[in-house]
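Enquirer: Here is how the chains run, residue by residue.
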Amino acid sequence: GALVYQYPRRTICKSGTSMRMECQAVGFQATSVAWYRQSPQKTFELIALSTVNSAIKYEQNFTQEKFPISHPNLSFSSMTVLNAYLEDRGLYLCGARTGTANTEVFFGKGTRLTVV
Amino acid sequence: QQQVRQSPQSLTVWEGETAILNCSYEDSTFNYFPWYQQFPGEGPALLISIRSVSDKKEDGRFTIFFNKREKKLSLHITDSQPGDSATYFCAAREPGTGSNRLTFGKGTKFSLIP
Chain A
1 GALVYQYPRR
11 TICKSGTSMR
21 MECQAVGFQA
31 TSVAWYRQSP
41 QKTFELIALS
51 TVNSAIKYEQ
61 NFTQEKFPIS
71 HPNLSFSSMT
81 VLNAYLEDRG
91 LYLCGARTGT
101 ANTEVFFGKG
111 TRLTVV
Chain B
1001 QQQVRQSPQS
1011 LTVWEGETAI
1021 LNCSYEDSTF
1031 NYFPWYQQFP
1041 GEGPALLISI
1051 RSVSDKKEDG
1061 RFTIFFNKRE
1071 KKLSLHITDS
1081 QPGDSATYFC
1091 AAREPGTGSN
1101 RLTFGKGTKF
1111 SLIP
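Respectively, the protein sequence lines represent chains A and B.
If you're matching positions, the first sequence starts at 1 in our numbering and goes up one per residue.
If you're matching positions, the second sequence starts at 1001 in our numbering and goes up one per residue.
The reader is advised that the hints may include incorrect statements.
Taking lysine-lysine pairs in the DSS-like style, the calculated list, with each CA pair at most 27 Å apart, reads [said to hold, decoys possible]:
(1) A:Lys66 with A:Lys14
(2) A:Lys109 with B:Lys1068
(3) A:Lys66 with B:Lys1072
(4) B:Lys1057 with B:Lys1106
(5) B:Lys1056 with B:Lys1106
(6) B:Lys1057 with A:Lys109
(7) A:Lys109 with A:Lys14
(8) B:Lys1109 with B:Lys1057
(9) B:Lys1056 with B:Lys1109
(10) B:Lys1109 with B:Lys1068
(11) A:Lys109 with B:Lys1071
(12) B:Lys1057 with B:Lys1072
(13) B:Lys1071 with B:Lys1057
(14) B:Lys1109 with A:Lys57
(15) A:Lys66 with A:Lys109
Hints in this document: simulated from the structure, not taken from any laboratory.
Given the structure is predicted, the values throughout are model-derived calculations rather than measurements.
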């Protein structure tokens, strides 16, 4: 079956520092990866869409300078939160799907970021 | 403007009852609607989904009823079990290959009366 692993599950970083999170697709080719942030106040916020061999598209309020993403192959993606501050807290989710039209999006269990 | 709305915010039923979770959307171009089940501390897991060409999708105790004209859908959970206690998110997607963009509702927190 299709599985998405995210690492680490939880992380705590000091305000102003950076942390990197990873997403691994198992059992299918993740041609398209979406990074979301889930918080109690704003439910799911789409950060960016990454498709292999295409430019990464960031949503309004999110930038490459703050959330650089790497999607080097069909099974792996990573995202870094640079200069993390309190408003960056939340559960970061990786949602992956194959390139075939209208296929399901599978999520990992997320990386919970706490900023102190 | 919120594109996907869910109601109620929370729902509690007795074990064995049928629960109905509602969802409505604004954008008539949305054509795919997955429901995700999320337990505390976990990521959302795909539960069941429906495409706009259908008006009903059933998978075990979970059924989606879809009304395209009214831009509404509902998730019915029959014979509710303690393991069903979770937050359920309705999502919607625009058509187009490569579209990995899902718009989520704020969720319905579902629980059973102990």
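Enquirer: Hints first: check each against the structure and report whether it holds.
Expert: Evaluation of the provided hints:
Of the pairs offered as hints, the one joining A:Lys66 and A:Lys14 holds, with about 16 Å between alpha carbons and a cut-off of 27 Å not exceeded. Proximity of A:Lys109 to B:Lys1068 is assessed by CA-CA distance (about 32 Å); at most 27 Å being required, the pair is judged violated. Straight-line distance between C-alpha atoms of A:Lys66 and B:Lys1072 comes to about 37 Å, which puts the hinted pair past the 27 Å bound. Under the criterion of a C-alpha separation no larger than 27 Å, the hint pairing B:Lys1057 with B:Lys1106 is consistent with the structure, at around 22 Å.
Restraint check: the Cα-Cα separation between B:Lys1056 and B:Lys1106 comes to about 23 Å, which is no more than 27 Å; the hinted pair holds. Of the pairs offered as hints, the one joining B:Lys1057 and A:Lys109 holds, with about 26 Å between alpha carbons and a cut-off of 27 Å not exceeded. A C-alpha spacing of about 23 Å is found between A:Lys109 and A:Lys14, which places the hinted pair at or below 27 Å, so the restraint holds. Distance hint between B:Lys1109 and B:Lys1057 is fulfilled; the C-alpha atoms sit about 22 Å from each other, no more than 27 Å.
Distance hint between B:Lys1056 and B:Lys1109 is fulfilled; the C-alpha atoms sit about 23 Å from each other, no more than 27 Å. Proximity of B:Lys1109 to B:Lys1068 is assessed by CA-CA distance (about 25 Å); at most 27 Å being required, the pair is judged to hold. Between A:Lys109 and B:Lys1071 the alpha-carbon distance is near 30 Å, which puts this suggested pair outside the 27 Å criterion. Note on B:Lys1057 and B:Lys1072: the hinted pairing holds, with a Cα-Cα distance of about 14 Å set against a maximum of 27 Å.
Of the supplied pair hints, the one linking B:Lys1071 and B:Lys1057 holds, its CA atoms being roughly 16 Å apart against a limit of 27 Å. With a C-alpha separation of about 32 Å, the suggested pairing of B:Lys1109 with A:Lys57 is violated against the 27 Å cut-off. For the suggested pair A:Lys66 and A:Lys109, the alpha carbons sit about 22 Å apart, so the restraint of at most 27 Å is met.
Hint check: violations occur at hints 2, 3, 11, 14; the rest are consistent with the structure.
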